[in-house]
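Student: Letter by letter, the chains look like this.
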Amino acid sequence: MKIIKVGASIGASNEQAAERLREEMKSSGTLLINLMSSPGSGKTTLISRLIRDMEELSIAVMEADIESAVDAERIEALGARAIQIHTNGMCHMDAGMTKAGLRELGREQEDLIFLENVGNLICPAEYDTGAGLNVMILSVSEGDDKPLKYPLMFRESDAVVISKLDALSYFDFDPEECRKRIENIHPGAKIFPLSARTGEGMEEFENWLKERLLSWRNTGDQAPA
Amino acid sequence: MQIDVFETKERILADNREAAKLNRLRLAGEGVVFVNLMGSPGAGKTSVLLNLIRLLKDRCRIGVIEADVDSDVDARKIAETGVRAIQIHTAGLCHMDADMTGRALEHFGPEGFDLIFLENIGNLVCPAEFETGADLKMMILSVPEGDDKPLKYPLMFTVSDVMLVNKMDAAPAFDFDLEKAEERAKKLNPDIRIFPVSAREGRGFEEVAELLLQLLAEKKGRGNEDH
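Order-wise, the sequence lines are chains A and X. Per our numbering, the very first residue in the first sequence carries number 1; after that it's consecutive. Per our numbering, the very first residue in the second sequence carries number 1; after that it's consecutive.
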């Protein structure tokens, strides 16, 4: 298990580094997806499910955490390539750190590379990682008021996955109210209620990812703002 | 370059510890117990507070400082119980530090209160690094988040005095091993006190309430000795 330590970017602005990275990924035809959420929303479980479901795609993963290699180990156990990044206590990844991670991961012409960001609903939204797609997860156990309390994360994400749908009956989570709140902050955001555990809703999300990959590879595609 | 970043951080944390000491002195003078409540977004911080308020509000004078990046939904919920609550917005900062806490306490006016809670920003990372001057650090891990969180966010578990395992009522829907979570937390922090609770069902809070009253009695006792 490869574990690497990365430090914050100093010097060249993060935005410039992010743009450069996006251009590089464009030319190689690999879609880098920045996956963000609170701790325990189900990032690793979702990636694991996607790897199992989308066998026709070549997928690699960069796991970013403060500590431990449990997430990268889970991905490796599925037979997919993964590295574990330790962020030296930083609560988010930025473009420089992402680039360092990609260098260590090594590129094998993947279709998708997931960056599983540090579990945090605040700081990751503030730092462009250079990804081609930002996806966030809100789990039904966290509450439908999170769009009100952490608006930037919802605004910066191209898609919001509502996870752990199978456990909905245990919580006072109103999917319709949540949807309205998300659309209020980010009109046009894609919303995918699903359960990585049971498979409910996974097909719609997977189809969307495949569409976005095709789009990424065609000329004249728009990268996320 | 990397070394510069570290030194700056160490300076910031050292300065913060000094500011935290000042907060502690001020509150000791008032005989107030100050609790820093932390946990991931959605772990149940506000719901836990509502339960503690229910058990304690007739036995001591409680106040709440709600810290968020946005919205006042939390402060409103607390205010509905009749307890004084103020809402702080941190302008995007992902944690409360001692300076901000000091200013919040100033604004709140701790005189005449026995127990003040700071509901910190929902974040398992940064709040663990910044002392606020609290007498007690209470963190919440909720069942749906998983029993591996002590492995992944060790500092939060290391610095906390109390750990509430919340949403126990939802345990049937998740692969959460309470014993494993407790073992992992205790490995990092053998003195941490762990209480499984359900804020939704109002279960498990009596012991936590007693712990807080005990802390209050001790602080008042020390205060009386000084006079």
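Hints listed in this document are in silico derivations from the structure and should not be mistaken for laboratory results. These numbers come from a predicted model, not from an experiment. The beta carbon of each residue, even a glycine, is placed where N, CA and C say it ideally should be. There's no promise every hint is true.
[What the hints assert, rightly or not] To be clear about the criterion: a stretch of chain X counts as covered by chain A if any three or more of its residues have a C-beta under 8 Å from a C-beta of chain A, and this derived list gives those stretches:
1. 23-29
2. 99-106
3. 128-136
4. 144-151
5. 159-171
[Said to hold, decoys possible] Example chain A residues on the side facing chain X (calculated, C-beta under 8 Å, incomplete):
6. Glu-67
7. Ser-139
8. Asp-145
9. Lys-146
10. Tyr-150
11. Leu-165
12. Ala-189
13. Lys-190
14. Ile-191
15. Phe-192
[To be verified] In silico DMTMM-like cross-links for lysine to aspartate or glutamate, where the CA-CA straight-line distance does not exceed 25 Å:
16. A:Lys-5 x X:Glu-7
17. X:Lys-219 x X:Glu-7
18. X:Lys-187 x X:Glu-111
19. X:Lys-77 x X:Glu-207
20. X:Lys-77 x A:Asp-158
21. X:Lys-57 x X:Glu-18
22. X:Lys-186 x A:Glu-56
23. X:Lys-220 x X:Asp-161
24. X:Lys-180 x A:Glu-108
25. X:Lys-9 x A:Glu-15
26. A:Lys-5 x X:Glu-30
27. A:Lys-210 x A:Glu-56
28. X:Lys-187 x X:Glu-218
29. X:Lys-9 x A:Glu-126
30. A:Lys-210 x A:Glu-177
31. X:Lys-77 x A:Glu-126
32. X:Lys-21 x X:Glu-207
33. A:Lys-5 x X:Glu-218
Student: All hints are to be evaluated individually against the structure, with a verdict given for each.
Tutor: For each hint, the structure was consulted:
1. 23-29: As far as the region 23-29 of chain X goes, the hint is violated, because 0 residues have Cβ atoms under 8 Å from chain A.
2. 99-106: violated (count 0)
3. 128-136: violated (count 1)
4. 144-151: holds (count 6)
5. 159-171: holds (count 3)
6. Glu-67: holds, 5 Å
7. Ser-139: Cβ of Ser-139 (chain A) sits 6 Å from chain X, so the hint holds.
8. Asp-145: holds, 5 Å
9. Lys-146: holds, 6 Å
10. Tyr-150: holds, 6 Å
11. Leu-165: violated, 11 Å
12. Ala-189: violated, 17 Å
13. Lys-190: Hint violated; Lys-190 (chain A) Cβ to chain X Cβ min 21 Å, cut 8 Å.
14. Ile-191: violated, 17 Å
15. Phe-192: violated, 18 Å
16. A:Lys-5 x X:Glu-7: Holds. Lys-5 (chain A) to Glu-7 (chain X) sits at ~17 Å (cutoff 25 Å).
17. X:Lys-219 x X:Glu-7: Not OK: Lys-219 (chain X) and Glu-7 (chain X) at ~36 Å, beyond 25 Å, violated.
18. X:Lys-187 x X:Glu-111: Distance ~39 Å between Lys-187 (chain X) and Glu-111 (chain X) Cα, so the pair is violated.
19. X:Lys-77 x X:Glu-207: Between Lys-77 (chain X) and Glu-207 (chain X) the Cα gap is close to 23 Å, so the pair holds against 25 Å.
20. X:Lys-77 x A:Asp-158: Outside the cut-off at roughly 31 Å; violated.
21. X:Lys-57 x X:Glu-18: violated, 32 Å
22. X:Lys-186 x A:Glu-56: violated, 43 Å
23. X:Lys-220 x X:Asp-161: holds, 20 Å
24. X:Lys-180 x A:Glu-108: violated, 38 Å
25. X:Lys-9 x A:Glu-15: Cα-Cα ~23 Å, so holds.
26. A:Lys-5 x X:Glu-30: The hint is violated at about 45 Å.
27. A:Lys-210 x A:Glu-56: Distance ~11 Å between Lys-210 (chain A) and Glu-56 (chain A) Cα, so the pair holds.
28. X:Lys-187 x X:Glu-218: Given that 25 Å is the threshold and the Cα spacing comes to 28 Å, the pair is violated.
29. X:Lys-9 x A:Glu-126: holds, 19 Å
30. A:Lys-210 x A:Glu-177: violated, 28 Å
31. X:Lys-77 x A:Glu-126: violated, 28 Å
32. X:Lys-21 x X:Glu-207: Given that 25 Å is the threshold and the Cα spacing comes to 28 Å, the pair is violated.
33. A:Lys-5 x X:Glu-218: Measuring from Cα to Cα gives roughly 44 Å; hence the hint is violated.
Hint compliance for this structure: hints 1, 2, 3, 11, 12, 13, 14, 15, 17, 18, 20, 21, 22, 24, 26, 28, 30, 31, 32 and 33 are broken, all remaining hints hold.
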